[in-house]
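S.K.: Sequence:
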Amino acid sequence: MINVEKLKDAPEVYPDFLGIEKMITLIRSPPGTWKTTTLREIIMALKNKVYDLSSLPCYIWVSYRKSFSNESKTKLDELKASDFQICNYQNIQGDLSINEWDIIIVQVESLFCIKFTARPFVAILDEANTIMRQMSSDTNAR
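Using my numbering, you'd call the opening residue of the sequence shown number 809 and step up by one each time.
These are calculated hints, taken from the structure and not from any lab test. Be aware that a few hints might be false.
Distance ranges between label pairs, derived from CB positions [claimed, not checked]:
| hint | residue 1 | residue 2 | range |
| --- | --- | --- | --- |
| 1 | G902 | M943 | 22 to 32 Å |
| 2 | Y859 | Q942 | 12 to 22 Å |
| 3 | K857 | Q893 | 13 to 23 Å |
| 4 | A853 | D946 | 35 to 45 Å |
Think about it this way: if two alpha-carbon atoms lie no more than 27 Å apart in a straight line, the pair counts; the simulated BS3-like pairs of lysine-lysine are [said to hold, decoys possible]:
| hint | residue 1 | residue 2 |
| --- | --- | --- |
| 5 | K874 | K857 |
| 6 | K857 | K843 |
| 7 | K881 | K843 |
| 8 | K881 | K923 |
| 9 | K874 | K888 |
| 10 | K843 | K888 |
| 11 | K881 | K855 |
| 12 | K923 | K874 |
| 13 | K883 | K843 |
| 14 | K855 | K883 |
| 15 | K857 | K883 |
| 16 | K857 | K888 |
| 17 | K888 | K855 |
| 18 | K874 | K843 |
| 19 | K888 | K923 |
| 20 | K881 | K857 |
| 21 | K923 | K855 |
| 22 | K923 | K883 |
Predicted model, so just to flag it, every value in this text is computed and none were measured. All C-beta atoms, glycine included, are put in the ideal place defined by N, C-alpha and C.
Please take these sequences and the hints and turn them into a complete structure.
M.R.: The structure is reproduced here in structure tokens:
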């Protein structure tokens with residue numbers, strides 16, 4: 809778990825999010841504590857360590873409401889200046905291949921639209937507790 813006090817130093821304190829060993833990292837802190845900004849900085853720090861963006865994983869940013877997807881897209885658009893290909897699933901027809909996008913913003917209900925390939929990916933659950941409740945609800949049971 810990432811400590812709230814260390815969020816400003818997250819890229820240096822937690823540098824190996826891409827190790828071979830599978831892991832789960834939980835960032836939990838109150839609203840307005842720069843979680844999205846920190847994740848954006850971590851993604852940039854990882855980008856600065858590689859020559860080619862395609863060698864990074866695809867980041868799948870999962871939210872539970874359209875308004876959160878739109879808000880996330882606005883916050884992440886800053887990464888476009890660094891050549892990241894960012895997609896909000898609401899703006900794309902058909903399947904979303906993780907080979908074609910560096911960051912895919914998608915709602916829980918639309919995860920089936922993502923085409924997974926051999927490219928590694930990192931799933932970021934925005935409001936993880938709410939997403940877990942939504943996924944385990946009777947409405948989503950399949």
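S.K.: Output the numbers, in ascending order, of every earlier hint that fails for this structure.
M.R.: 2 and 5
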